[in-house]
Each structure stands twice: as structure tokens, then as C-alpha cells.
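Q: The primary structure of each chain is shown beneath.
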Amino acid sequence: MSKRKPTSTPVRTPTRQSTTERSVGTRAFNRKAQAARQRATRKQTRRRPRRPTSRRSFPVRELLRRIPRAAWICALVACLNAACWSIITPPFQVPDEPSHFGYTQLLAEDLRLPTSARGTYSPEESAVVHDLHQSEVEGDPNTHTISSAKEQQILQEDLDSHLSRHGEGALGGVAADPPLYPLLEIVPYGLASAGSLLDQLELMRLQSALMAGITALFVFLFVRETLPTVRWAWTVGGLAVALMPLLGFMSGSVNPDSMLFAVSAAIFYAIARAFRRGLTRRMAIAIGALTAVGLLTKLNFIGLAPGVILALIVLTVRATPTYGRRVACLSLGLALAIAASPVCLYFLVNLLSGHPGLGIVSTTLHLGKAQGSIFSKISYVWQFYLPRLPGMTSDFPGLATTRQLWFDRSVGMYGWLDTSFPVWVETVTLIPAGVIGLLFVRGVVGARSALRRHSLELIVYAVMGFGLLVLIGLSCYFNAASEGVNFAEPRYLLPLLPLLAVAFALAARGAGRRWGPTVGAALIVLLLAHDIFSQLQVIGRFYG
Amino acid sequence: MQSVRITLAVALTLLVVVIVGVLSQSPPVVAGTNSVPIQADVEIKKGDTSSCQQAGTIPQGTSAIRVGVEARAVGPRVAIKVLSGSRVLAAGAREAGWTKAITVTVPVPRLSHTIRGARICINIGSTVEPFRVYGVLAQPTATAPSNLQGVRLRFEYLRPGPRSWWSLISSTAYHMGLGRAAGGTWIVFLVLALVSAVAILAARVTLEELR
Chain P
1 MSKRKPTSTP VRTPTRQSTT ERSVGTRAFN RKAQAARQRA TRKQTRRRPR RPTSRRSFPV
61 RELLRRIPRA AWICALVACL NAACWSIITP PFQVPDEPSH FGYTQLLAED LRLPTSARGT
121 YSPEESAVVH DLHQSEVEGD PNTHTISSAK EQQILQEDLD SHLSRHGEGA LGGVAADPPL
181 YPLLEIVPYG LASAGSLLDQ LELMRLQSAL MAGITALFVF LFVRETLPTV RWAWTVGGLA
241 VALMPLLGFM SGSVNPDSML FAVSAAIFYA IARAFRRGLT RRMAIAIGAL TAVGLLTKLN
301 FIGLAPGVIL ALIVLTVRAT PTYGRRVACL SLGLALAIAA SPVCLYFLVN LLSGHPGLGI
361 VSTTLHLGKA QGSIFSKISY VWQFYLPRLP GMTSDFPGLA TTRQLWFDRS VGMYGWLDTS
421 FPVWVETVTL IPAGVIGLLF VRGVVGARSA LRRHSLELIV YAVMGFGLLV LIGLSCYFNA
481 ASEGVNFAEP RYLLPLLPLL AVAFALAARG AGRRWGPTVG AALIVLLLAH DIFSQLQVIG
541 RFYG
Chain G
545 MQSVRITLAV ALTLLVVVIV GVLSQSPPVV AGTNSVPIQA DVEIKKGDTS SCQQAGTIPQ
605 GTSAIRVGVE ARAVGPRVAI KVLSGSRVLA AGAREAGWTK AITVTVPVPR LSHTIRGARI
665 CINIGSTVEP FRVYGVLAQP TATAPSNLQG VRLRFEYLRP GPRSWWSLIS STAYHMGLGR
725 AAGGTWIVFL VLALVSAVAI LAARVTLEEL R
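Sequence lines, in order, name chains P and G. Mapping of the first sequence onto this note's numbering: residues 1 to 544, in sequence order. Mapping of the second sequence onto this note's numbering: residues 545 to 755, in sequence order.
Calculated directly from the structure, the hints in this document are not laboratory data. One thing to keep in mind: the hints can contain errors.
Said to hold, decoys possible - If the Cβ cut is set under 7 Å, some of the chain G residues that face chain P in the computed set are:
#1 559
#2 571
#3 575
#4 669
#5 744
Where is the CB? At the ideal position from N, CA and C, for every residue including glycine.
Sequences and hints are given; from them, build the entire structure.
A: Rendered as C-alpha cells:
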């Protein structure tokens, strides 16, 4: 008790009182009292943060609790929709699915990465691909999947014969993909390893379907950050993405795109949050980590990277008055270091093993052989998306790229890009698309003052979008001689889903305060209809 | 809130009606061909090429013509004219941008009667990349032809089949149950359950949040 008394006094009393104390007591007493004060201060400083720490020990749970119920429902809708697509789409009838499955199998069975040479899959996968007539069905809308009991029996016999799961590992272009997604797919692959290859494939597809849920969740949260005052618009944006057939189709398959969409949505959300709440160290680490995950998921993420870097710089400048230059720059450095770590590691490993710095990526992108002037590249990329300007040489003769490559294909293109709606559907779709476009413009005009306030943030999103578009355009340019216009696939634009969701939300808002929710509801049913008819189209094409 | 409820009810009802209507239609079937077998596939490097060819008998009710033209990634515009003598009976086009497939289907106005001894003039527009055509060589030559005139193309005439999608449901369901992890027709019910769950959840959250 006697020891406690002096400890309590200095803590409660101000400095002035302690000075008075010093003037009365002896040196030994003062020393003792000072030591006790220090102990007490230490105890206090230790005790004080204890409460917040105990709260912060479950920040994830706290964060999850703050997410609105509607966001979880949007995520569930996206998950169920992708799961439905995973059942509807026949095995290996999604772009590159056989190769992505082979990638995971190679990692799981042989613990090695694939090569870019073209070869065969493992004997087990080759047999299943053959039994399913994969190559005959691919690219020929008039050929259906297997349709007789005899074909099923042959397939079943091969599935039961426990053929070797060890392949050459020569997977062509897919080998350039980073290994994070196939590494994650090893989990469902391993869980279903006691079953057949088709069991493994379905479980892997279902894991991808979970990614659709994550995508929709982050898209919802992104819309909430960007349009915080219009609560109903969050649901419009979230559901619009959750019901998008292309997201369901891609996320219902074994393809790293599903994870890329989720990571992209997460980074859009993180940046939006940082613009509103400042670049804290935790947020900087989150943005850096998400960038690293994105780079390890699919190389297309490189397209978003310039925008992310710009966002970090802008956020650092804005954070300087609050946190001080040193702390703000430290956060920036931390984020950049984390983001760049996978690239540096990859570069280092390649250099040490005597390969080109960018390894297989250099070969795939033909960086070394890039031909043509900078103007021809700009012209090509421009025409890849937009009508040709006067003075430009025609790179796409006879083709209106905006309408025929991007709009028509966005209406619906499934399977190995061989399943689409009848032509008249693409024409009719112009009507609702035009109405949505007009409403969006009205929504933008209505929100112009708010948009002006967030102009820097908008520039960041524009750079992210622009970077991705340029990356896809240049990939097409470099590979045009060997692969034609092979990169004109709307799925490559889906990392920008959060922006599309905001556009849908703004379109609904453009109908005005009174009619906005009604238009939003109509928009949701329209997208549900698009999803259902896309599924019917795929069913008719493969099983009809 | 009331207007959202009404919109949702009307739009979902309309959706069900359209689905029923679409499933009441018949998928197209091949009603006839020009009897040209697929013996050769020829790569043509440049577009803007035309050819008029004998089309045989085109059955009544033909509403689309399938041509053996394959694109690598982006198909060119394909325009077709059906002629009897010098009279154009039907014309249609498939705009550029169609994806890789070994055939292209060109919609034409429905033919009200059978046409015997018809001719088809086909024009393939400017192209971004080479394309292939399927049929037989018009004349056996040492070098591959560089335009459409060197090839007799295969044409298939499509018209709505005799059976609607409704009557094909059982066979479609059977096919869906083949070649997958857990086989069986029950898979269709799982798909229906998932689609219903998606629709119900979406409608519910819309009603709760949009007001």
C-alpha cells in the first residue's frame, strides 16, 4: 500500500505539484518518487492503449460488421450466379481453361512452373479433353458436347482408369501468367484429388465463383465510398455487377481473370477509401499488398499500376499536412516497396538463373521485337477502341471497332468466343444502352459540383482505366502478326467493373430523386434478364 | 417505394413472359444445302472479294444461310444475295466483328416459297486478317486460289425446326447431365434452383434498399 501511494499522486497531479514536492523532500526521497513516477507513467502508457488494442485485435471482425447487409447479399448473388455458370458451361469450354487447369495440376503434382512451349497436357487431362470432344466443340457453334450414353461411358472409363497426372508442362502463352491463382487453386484441386478430374475441375470453378462474390462486395463498397449520400445507389451498382453474365461466366471457370477482377475491385475500393480518410500507414500497406497480389495474379494488372502509383503520390501529398512529410513519405515508400516486391523478386530470380529480366513475359509480349513508330502504336491503340481520326492509316479496315468489337461482343460472347446472340439482339440492345448512356450523362451533370471536388481522384481512376486500355491495345499490336485481333475481348476490361458500377448507379440517379430508385429497379431486372438469356443461349448452343 | 414495387413486379412478369415466348420458338435446323461437300479449305488473305455461285434448291421458310467462312479472331462483313435469274429474292448481311467460328450465319428475310436453280452472290468485305473458306476448288490448280472465285462454297439453308424449345427440354436436360462431375438430369434442377435464388435475392434486396 505504501508503495502505491506515491505512484498514484504524480500521475494524477500536474507537473507544478511535483515541483513543490521536490522542494520539500530529501534527495533520496525525490529519487524514489521519481522512479515511482516513471514506473507509473510506463504502466499508464502501457495500460492506456490496452483497451484500444483489445478492440483493434479484431479489426477485421469490426470491419466486417460495418459492411451493410445489402453488400453481403450482392456478394451472395454474384457467388450463386457464378456457381450457376460453372454448372452450365461444359468443362474446358472457357478460354484457356484446359491450360489453366494444367498449370494447377503441374504445380500440385510436379511442384514446378510451366514452360511457354506448346505441348500436351497430362495423360489424364488429355484423355478427358479428347473424350469430351473439346477441340471439335470449340469454335464450332454447330457441334454440341457429348450427347450419348456411349460417349459418357468412354469418358467414365478414362476417368476411372487413374491415368497419370504428370504432364510435360508446356502450356504455351498461359505459362506467362504469374503463379498465385494456380497456387490458390491447388486447395480445391487437392480436396477433390480422391475424385475424378471433373470433380477437381468443378471444385476449382466453385473457388473462382467465390472470387465473383468478393468482386461484387468490393464494388458495392466502392460505390458506397464514391456516392456516400445516395444509399440506394450502392445496391444498384453492386447488383448490376453481381448479375453481369460475363462476370458469372468468367468466374464460373478456372481462369485467373476471376481473381484479377476481385483484386482490382479491392484496390479501387482501397484507393477511394484512402481519398476520403487519408493515407494512413495501414491503408498504404493495404494498397501495396493489393498491388503485389494483383501483379502476382495476372500481368494485365500492370495496366492499373500507373494509376495506383499516381494515387499513392497524390495521397502522400495530401497526407503531408496531417501526418508530416516524413510519415507520409514513409507510408508511400512502404506501399511502393510492398507493391514492387514480387516484380523485383521475379527480376532477380531471372537474372540469377541467366534468363532475360522479365523472363517468359519478354517473349510473350515480344517486347524485344516491338516494331513501328510511336505514332503507329498510338494510332493503332486509338483505332482499337475508337473511330479513326482524319490522317490516321486504317488499321482495322471494314471494322467499326467501338460498335463491332466492343459493344456487340459485350452483349454476349461465351464459350471459346464462339457463342453469341443472334445479330438482331445486338441491334436491339443499342436502345437500352442508349437510354442508360443518356441517364448517365444526366447523372454526371447533376453531380458536377461533387465531381469537381473529387477531380484528382477522378484523374486517378482515369489513369487506371487508360493504363489498362493501352496495355490491351499494345498487346494486340505486338501480337497482331501471329494472333490477329485476338485481344478484343470484353473480359479484359472487367478489372474496371467498379467504374461501370458507379456509371450504372449514376445512370439511375440521373433519373432524378423521385424516379431514381424506380429506374434502378428496372435496371436490375434488365441485367437479370441479360444474365438469364445469356445462360439460355449457352444451354442452347452446347446441349440443344 | 410503391413505384419500385410496381416496377419490379411488372418487369419480372414481363421477363417470365418473354422467357416463355422465347422457349416457344423453334431452334433453327438445316433444311437443305447446295450439295457442295467440304473438301478444301482455302486461306484468303485479302477481303473485298465477291462471287456468284449455283445454290441448288433453297427450301421454303429459309431464314438464314450458313456459309463455310472461318475467321481467326475477327470476321469480315459477309453479304449475301439470293437470286432467281437476275431477280434478287432476298438479301442479308452479317456485319464484321463476329468471332472465331468455322461458319458464319447470315440472316435473310424468310423465303415464302422454295426456289429451284437459285444463285447466291456473296461478298466478303475488307478484312483485318486472313480468313478461310470451305468447299471445293472451282478448278484443280497447283496454287491455292487467292479470292472467292476460285472456290465453290458450301451453303446450308436454315429455317425454324418443327419442335419448340419446350419439346426439346427433356433431351436438353439429358445432354446437360453428361460429361460433368456429378452427372444426371438432376443438374437441371440445381441450375433452376440457383437461378431462382439469384432472382429472389436480387428482388428482395432491391425492395429493401431502393426506396
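Q: Run every hint past the structure and note whether it holds.
A: Do the hints match the structure? See the list:
1. A hinted interface residue such as residue 559 of chain G counts as satisfied when its beta carbon comes closer than 7 Å to some beta carbon of chain P; here the least separation is about 5 Å, so the hint holds.
2. Of the supplied interface hints, the one on residue 571 of chain G holds, with its beta-carbon coming within about 6 Å of a beta-carbon of chain P, less than 7 Å.
3. Because the closest C-beta pair between residue 575 of chain G and chain P is about 14 Å apart, greater than 7 Å, the hint is violated.
4. At a threshold of 7 Å, the smallest CB-CB gap from residue 669 of chain G to chain P is about 4 Å, leaving the interface hint in force.
5. Checking residue 744 of chain G against chain P: minimum C-beta separation of about 10 Å lies over 7 Å; hint violated.
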